[in-house]
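Sequence lines, in order, name chains W and R. Add 1 to the 1-based position in the first sequence for the working numbering, that's all there is to it. Add 1 to the 1-based position in the second sequence for the working numbering, that's all there is to it.
Worth flagging that the hints you see were computed from the coordinates, not collected in a lab. Among the hints, erroneous ones may be present.
[What the hints assert, rightly or not] Covered stretches of chain R, as calculated for chain W (at least 3 residues, CB under 8 Å):
hint: 1; stretch: 175 to 184
hint: 2; stretch: 213 to 222
hint: 3; stretch: 331 to 341
The structure presented is a predicted model; accordingly, all values stated were derived computationally and were not measured. Here a beta-carbon is modelled for each residue, glycine too, at the ideal position from N, C-alpha and C.
There are 2 protein chains.
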Amino acid sequence: MTKHVVSRRQLLTAAGGAAVLLAGQVSPADAAAAGVDRQTDPADLIVGCHGEHQSGIVTPAQRHLLMSSFDITTTRRHDVVELLRSWQVAIERLAVGAPLGRNHSLNDAPGDTGEAAGQGGARLTVTIGFGPSLFDGRFGLAAHRPPPLIDLPAFAGDALDPTRSGGDISIQACSDTRIVAEHAVRDLARVGAGAAKLRWTQGGFADPPVRPPGTGRNLLGFKDGTANLDPTDAVRMARNVWAAPGDGAPWMTGGTYQVFRRVRLKIEDWDASSLDEQQDTFGRFKSSGAPYGATNEFDPVNSALLPTDSHVRLANPRTGEASEDERILRRGYNFADGYDPTTGGYDFGLAFIAYQRDPRRQFVTIQQRLAASDALNEYTSHTASGVFAVPPGVRRPGSFVGATLLDP
Amino acid sequence: MTKHVVSRRQLLTAAGGAAVLLAGQVSPADAAAAGVDRQTDPADLIVGCHGEHQSGIVTPAQRHLLMSSFDITTTRRHDVVELLRSWQVAIERLAVGAPLGRNHSLNDAPGDTGEAAGQGGARLTVTIGFGPSLFDGRFGLAAHRPPPLIDLPAFAGDALDPTRSGGDISIQACSDTRIVAEHAVRDLARVGAGAAKLRWTQGGFADPPVRPPGTGRNLLGFKDGTANLDPTDAVRMARNVWAAPGDGAPWMTGGTYQVFRRVRLKIEDWDASSLDEQQDTFGRFKSSGAPYGATNEFDPVNSALLPTDSHVRLANPRTGEASEDERILRRGYNFADGYDPTTGGYDFGLAFIAYQRDPRRQFVTIQQRLAASDALNEYTSHTASGVFAVPPGVRRPGSFVGATLLDP
């Protein structure tokens with residue numbers, strides 16, 4: 002057996018090297034090789050990689066999530082820059098369904114693992130974040146650690162597995178096709194070999210209903226996301242999600258902060274509880290999603306009509322501007338990691354991802370309130386956690402995510 | 002907290018009881034309650050539950066699999082009959098996207114867990130099989146154990162986890178929407194509470210490419226299923242898949258035998274191997290899927306041109322009629338159960354399901370040959386296994402899967 006590891010040089014060569022890197026886009030020849038035909042592929046199958054913000058934040062949720070985290074294994078700052086450059090080239094190819102690298106020789110490992118061939122863009126987005134540990138002494142970045150990028154405090158009821166938590170760099174891959182999301186992380190891990198090593202992954206799925214269309218449901222059977230922030234509301238996004246120049250880390254302007262929580266649900270207990278108990282837990286009706294005291298899902302919430310320990314009331318007390326400024330942009334996915342009676346039954350839950358301008362006054366404030374009193378706590382257990390600074394998008398073709406920090 | 006367990010009586014009552022049971026179909030009122038509108042829902046979203054064979058065998062593969070297995074916890078044969086009757090009622094409702102049971106009281110646990118509300122049929126199929134252990138002394142069925150339902154022999158290289166293998170009854174749920182497949186097994190487990198307990202589950206996904214459309218790829222990056230049996234070939238199905246009256250168990254006529262194998266793939270080793278090595282392992286070209294010596298995916302295989310230890314050559318030696326009669330109907334799904342360096346990296350592989358008339362001369366013969374010599378063995382490990390007799394379909398409305406055995 003011949004063993005070879007794909008090299009970043011191979012990727013850059015295969016992708017047309019500097020030409021692609023400088024152009025910041027896939028060449029027509031590469032697009033043709035990938036079968037990309039913009040006349041027959043609906044534009045929404047391809048999510049652009051460039052702009053003020055990274056994709057995958059305000060992008061409407063795709064059906065599949067693969068959240069992942071990497072540990073940096075190199076000690077050289079230069080290698081980190083090259084890693085991020087290589088990932089950018091790779092991400093731009095993945096986004097249009099183009100293979101990573103060509104096969105120059107039968108004696109080499111294929112440049113692309115191949116399982117997503119023919120899948121097209123499938124609305125893939127890849128979103129990169131930097132964990133607190135990236136700002137330790139290794140790469141001279143300590144002075145640039147953004148004040149909002151705190152280490153999350155311990156919350157009451159946490160049952161975190163450190164091997165499934167944290168990490169130096171997060172990669173959130175979302176796509177409407179599962180194999181495309183799986184392929185993206187696997188092949189980015191290959192591209193990063195020698196500089197970064199996969200630490201953990203967490204899959205998830207979101208299946209909005211079809212009749213009638215509307216808000217998807219979580220594995221507790223409740224509509225989830227009814228009161229989420231509106232990602233098309235630019236004013237609200239600027240206020241609650243996007244980092245601003247005055248936030249203490251100029252290089253993060255246009256970026257945001259990502260919190261990941263793996264929230265396991267005690268399915269057997271929940272399924273045995275009464276409808277009354279379930280609805281009281283949320284403060285909403287299960288079937289319609291309407292808040293207590295109202296009739297329709299999107300009717301205004303009157304907190305006074307909700308049980309004091311209900312999840313909806315505690316998550317957002319709706320006390321005016323202070324509550325409004327606390328709100329986070331959630332990107333929640335269900336996970337169903339199987340049933341195994343030897344380890345406690347259903348390993349089901351919520352792969353919770355939230356974006357915000359400052360976790361200190363947003364996620365942490367909300368979660369401290371929930372951890373103290375939420376009726377839902379009886380049925381949940383947070384088993385993994387992470388917080389990451391998500392740099393702004395790539396504004397200049399040829400640049401890369403993280404350049405504002407590492408190559409300003 | 003009030004705790005209640007949904008009862009089978011509740012399900013039967015909610016479903017209209019005897020009326021639905023006898024009619025063998027969902028009433029117009031139930032269909033309306035579920036939002037079913039046959040004029041606007043394409044018929045192919047709903048797979049019928051009745052016929053000579055169970056659905057989910059020759060049904061074209063849906064995108065998502067949830068394979069599962071149950072242990073019978075009752076000691077009474079009567080309870081097993083009631084379990085299967087209740088499951089049949091439930092399956093007929095699930096197939097059209099109707100909820101299981103109505104909520105009669107806020108003090109009761111909901112009849113349906115609710116997470117699949119509004120999803121419609123989503124091409125759900127539920128396929129039931131009986132494991133060898135169902136024919137032990139407990140239910141007086143020993144004399145009816147079909148001769149083809151053997152205990153699978155140990156194969157070289159097996160690394161089976163007994164807690165993820167076997168079981169008294171298998172339920173294969175397939176749907177184009179993941180939450181529908183997950184919901185089906187979870188709610189069937191609830192319906193069966195007191196008589197059967199979930200033993201294990203294994204998820205899977207199949208994403209056929211879109212440009213051009215065609216055969217899907219496995220996680221090794223190769224097209225998988227090119228040479229599968231054609232499920233529309235009735236003559237071949239009768240010969241290789243469907244149990245016949247002379248096969249030693251008349252109650253199985255129109256049924257088939259299901260073999261499940263969880264085949265873990267050593268992804269890191271595979272991804273580091275050369276294209277040459279990968280192609281030699283299969284005897285096919287990775288990109289096109291064409292067999293060695295040919296140009297196109299569906300060109301005939303000339304075994305003499307394939308490496309002697311290649312997977313394609315050993316799986317089907319193509320030596321004439323004997324080889325033809327060995328062939329199995331595969332229903333293969335990829336699984337990607339995450340990355341966890343503490344347990345060895347990627348837990349990726351193939352959730353292999355195959356249907357056949359007689360595992361003794363089909364799966365076992367093939368697998369013994371593969372286990373001895375297949376070049377692919379370097380990259381695989383069978384971590385779970387099961388074999389089940391899949392009874393014929395429900396021919397009479399009001400009957401149930403397994404009636405030919407338990408209520409003839």
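We went through each hint and held it up to the structure:
For the stretch 175 to 184 of chain R, the assignment as covered by chain W holds, since 5 residues bring a beta-carbon within under 8 Å of that chain's beta-carbons and 3 suffice. With 7 residues having a Cβ less than 8 Å from any Cβ of chain W, the stretch 213 to 222 of chain R passes the three-residue criterion, so the hint holds. For the stretch 331 to 341 of chain R, the stated coverage by chain W is satisfied: 6 residues place a CB nearer than 8 Å to a CB of that chain, which reaches the threshold of 3.
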